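Student: Here are the chains, one letter per residue:
Number of protein chains: 2
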Amino acid sequence: MSATSSSGPIVLRGMGSFHVGGRVVEIGGKPPRTVTFSTGSPPAEVDPNGLYQVEQMYVQYFLPQQRRGKFPLLLWHGGGLSGVTYETTPDGRDGWLNMFVRYGWDVYNCDAVERGRSGFAGRDVWPGEPLHVPKADPFTRFRLGSSWSAEKMVAHPGQQFPVEAYDNFMRQIVPRWLDTADATRAAYVALVERIGPCVIVVHSQGGGFGFRIAEQCPGKVKALVAIEPAVVGDPAKVAALDTVPVLMLYGDYIAETPRWAAMREAGRDYAQTLRAAGGQIDEVDLPVIGIRGNSHMLMMDKNNDDIAALIQGWLERTGLVD
Amino acid sequence: MSATSSSGPIVLRGMGSFHVGGRVVEIGGKPPRTVTFSTGSPPAEVDPNGLYQVEQMYVQYFLPQQRRGKFPLLLWHGGGLSGVTYETTPDGRDGWLNMFVRYGWDVYNCDAVERGRSGFAGRDVWPGEPLHVPKADPFTRFRLGSSWSAEKMVAHPGQQFPVEAYDNFMRQIVPRWLDTADATRAAYVALVERIGPCVIVVHSQGGGFGFRIAEQCPGKVKALVAIEPAVVGDPAKVAALDTVPVLMLYGDYIAETPRWAAMREAGRDYAQTLRAAGGQIDEVDLPVIGIRGNSHMLMMDKNNDDIAALIQGWLERTGLVD
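Which chain is which? The protein sequence lines are A and B, in order.
Using the numbering used here, the final residue of the first sequence is 322, and nothing's skipped along the way.
Using the numbering used here, the final residue of the second sequence is 644, and nothing's skipped along the way.
Next up, chain A with everything else stripped away, as it sits in the complex:
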């Protein structure tokens, strides 16, 4: 296994951000309005008609001085979240962003379209309402435990998620639309076109995008690490992945959670089809290899460094580390 990733300074040859993709739409027929942008400042006239920039995606990057990863590593988060997923954990430990930078990867951490710093389009462009979820919802859906209320939360026995910091986790949750998949996919394609050959780590909803982009951008995806993908690839397109090594990684408490059991099963079926077509795909169920108690948010769990090391080991064995 690789050296520990949590000590010593982080030495970067660069860090920064950019937005990629999106499109321009025209909106007309609105009356002009007078807007006070800051209480107490002089009002401004705003003409709401004209061209709008929409559906771009925010990407923040960290480039270590000692680069060891052969390709840039892209971190794609899951639904209702942003790139914050991979930053400091809710209880204040290093997240995977820091760990993979310390391992020597050029890391590009995204906020998917309409999440976080990517901004979101107005009602004229996206008629649908964004979904907001109450505090009780992710607690069970992300397999932290069986129930949450302000008075009492019941965590699964042996839970690795830092449930004592669940309030901080809920501060990370952002609203999400349910019908923006095409725009999101387009922005991820634009990112991969810009970055070139890369390794992609996807989580949950990001899984569907990761497999699709691997199918759609031949030669660009050098490896795909799918952390509990909610959606996997298209069995009819496994030929497009014949040179893309895939690692699928799943946590604990899946068998006893019907929705997750179904997603795990879909992953197993897909892996079988891909393998039969000559693809290289490894499936890791953490409890099977003796690592127990992981929630859906593995990158935040108390053993997140062990899981990062496991992924790094796989990337090394796959020949992607100098």
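These aren't lab readings, by the way, just hints derived from the structure by calculation.
Okay, derived cross-link-like pairs now, DSS-like style, lysine-lysine, Cα gap no bigger than 30 Å in a straight line: (1) B/474 / B/457; (2) A/70 / A/237; (3) B/352 / A/135; (4) A/302 / A/135; (5) B/352 / A/152; (6) A/302 / A/70; (7) B/457 / B/624; (8) A/30 / B/457; (9) A/30 / B/474; (10) B/542 / B/559; (11) B/474 / B/624; (12) A/152 / A/302.
Every value quoted in this text rests on a predicted model; they were computed, and no experiment measured them.
Given chain A, put chain B in place with the hints provided.
Tutor: Structure of chain B alone, referenced to chain A:
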């Protein structure tokens, strides 16, 4: 003036993020719904009733190995924007975040409440609509030039803003509500309570928050750098700022822009009142000291390194740098 800030690696003893502040609200009386979170994944039952976390604020921090700033330096952006304001410029140069980290400051870069990675509350909590602005609007309002259309943009002569990258700048713009100032102020107070004594750099809409927090948190704000503040302090509360050195900085093209001329005048009046009460406030109009062509987005302008050096020089003279 300080050494150049743009060469050599960035060496950090730590970097990460957290959310601060916010409150919990209860929402009831909604029917349960079935949600497909990712196209192709099994649907989930969501009970939209219950407790919601709202109005928290996202903060990302970078802690240089060689710390020279005596206190943490907080970057607060302006309206319609996020912490991206201080990151890489639209044309790909280093932003102030990198520059102040290289100068040796512990830098905390915020997304104000309801912007970027802070997320936003639903219609039940905030009944108002967010404002979206078309591409033509910030071009004139932020003093880049006299007009913008898809066919032609007319920049002010000598403009320092990288207008050739204006499309990238528009990708940074995020929707904003016009009635969330109380929530934003509460989150900034929570941040300053958490960080302790600090230096605050505010821009535009952030100006109003910076002065208010200085008034509200005695002893906490060791210096306030107000970059073209849209709103300044309360003349009735200047006594609260008698130990807070203030630098106010303004760019070019202000006299010929009535709305900006009014904001500059308000700053001048406030400075006079504060000075008369014994406060220390410096006003810099860049054209007066021979630096011409700066837009409202000084931290992105082509001479952003010169402006950063000017601020750093002031902070050094103010005794805030070891």
